[in-house]
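2 protein chains.
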Amino acid sequence: MDTTPFGLPPQILAFDVFGTVVDWHSGIAREVQALRPAVDGAAFALAWRSGYQPAMRRVMSGELGWTLIDDLHRLILDGLAARFGLQDLTEAEMRQLNTAWHRLDPWPDVVEGLARLKARHVVCTLSNGNIGLLANMAKRARLPWDCILSAEVFRAYKPDPATYLGVARVFGVDPGRVMLVAAHQDDLAAARACGLQTAYVERPAEFGAANPKDVSPCPANTRHAGDFLALADQLGC
Amino acid sequence: MDTTPFGLPPQILAFDVFGTVVDWHSGIAREVQALRPAVDGAAFALAWRSGYQPAMRRVMSGELGWTLIDDLHRLILDGLAARFGLQDLTEAEMRQLNTAWHRLDPWPDVVEGLARLKARHVVCTLSNGNIGLLANMAKRARLPWDCILSAEVFRAYKPDPATYLGVARVFGVDPGRVMLVAAHQDDLAAARACGLQTAYVERPAEFGAANPKDVSPCPANTRHAGDFLALADQLGC
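If you read the protein sequences in the order shown, they are chains A and B. The numbers in the numbering used here rise by one with no breaks, and the one at position 43 of the first sequence is 45. The numbers in the numbering used here rise by one with no breaks, and the one at position 20 of the second sequence is 22.
It is possible that part of the hints are untrue.
To be verified - Derived Cβ-Cβ restraints for the label pairs, each shown as a range:
1. A:A84 / B:R59: 48 to 56 Å
2. A:P146 / B:R38: 35 to 43 Å
3. B:N213 / A:D107: 46 to 54 Å
4. A:V113 / B:V113: 17 to 25 Å
5. B:Q35 / A:L10: 28 to 36 Å
Derived by calculation from the structure, the hints in this document are not laboratory data. Computed from a predicted structure; not experimentally measured. Ideal Cβ placement from N, Cα and C applies to all residues, glycine included.
Input sequences plus hints: build the corresponding full structure.
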């Protein structure tokens, strides 16, 4: 067993998806502009994404029953359409736009990085996205997951402990042998509180090149990597 | 759209696993004989497997709470150990033997067949096996699933309709666009009752070469194929 300062090596790498694996900002902007070229795609993407946490809170508070992210995305989209001049989209166009989240592109390092990491670890998603969304995304983008785990499996969204601990339970390992890989310190902090290892990955352009994100290291994380290739280097893959 | 006598083509192919994708009989026999060469591996495999349906019925009747297949396998194994002279196995050996179900080999046509079918369909599991078991099996055997779906996701075992209809719900398609692929007519009949398409695959040696299985066609199935390569031929993959 590895007895480095990092402790026992992780067996399971669980990846946050939106922002960490795929570039939602440019993908959403691209899709809305394909439908309506006059829309400010960057602003629309930010607005849609910013409705995500409040919508999940409505579910977790019990105000809404259990709801798949596809359906939350649609609720938020319906609320935004008029503001962005999308009120004349047909129902078919609205449905198509709503599944733009299934068609996001990965960051350039992701496919090669996951292939390397997969050689020595189980690589799985741990996303609030629903299973069908994540499976469609993976098929299109050729993301080589060993397994797709989702809030839908655990009937709870991150940062509920049931999600992080659920990964360990599914694979029958101690939480300390699972590493959450994410570009969001709050997600990692919640995983750490459940005993998981954590790896922060820098995605400075998550909110668009015009809105660079603070990617400063947090010393509490087990690892800090510029991208998935650097993480693979650190983990000896 | 295809308007052949077979109706609309399936979008999602959901595969039964034990017996359909992997050869549990020879795999279990091999693993127990590796531990105790004197054991009748074939008889042991049949006995362990024959405890599976009754154990699931105890869960579905409410006698047992929701239980992962790994844990049902262990319950059955504990009950069989003395009969097969395994009562002196250590706890570590019992655990190792119990995970033999994670290390089953696919039938020879499976990996190539799934790769072909995957090019034009979403290929997923629909097994009563738990997610971790199926993910470990897929990683070892290089089964290229787009998604691992399990009784564990739906909190119900096949033949509960929640499982078959759950596949359609996960992918947001009509049940008629999902095809269950299985080597068991009862599984296929239950799927058909939920509106799924069905494909029977012949696995005459499922119970061992010494116990050939009736693989006669049932006209109610959408397809009948000798193996996954023949199914790929039929589906134009």
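Results of checking the hints against the structure:
no.: 1; hint: A:A84 / B:R59: 48 to 56 Å; verdict: 54 Å, holds
no.: 2; hint: A:P146 / B:R38: 35 to 43 Å; verdict: 38 Å, holds
no.: 3; hint: B:N213 / A:D107: 46 to 54 Å; verdict: 51 Å, holds
no.: 4; hint: A:V113 / B:V113: 17 to 25 Å; verdict: 21 Å, holds
no.: 5; hint: B:Q35 / A:L10: 28 to 36 Å; verdict: 33 Å, holds
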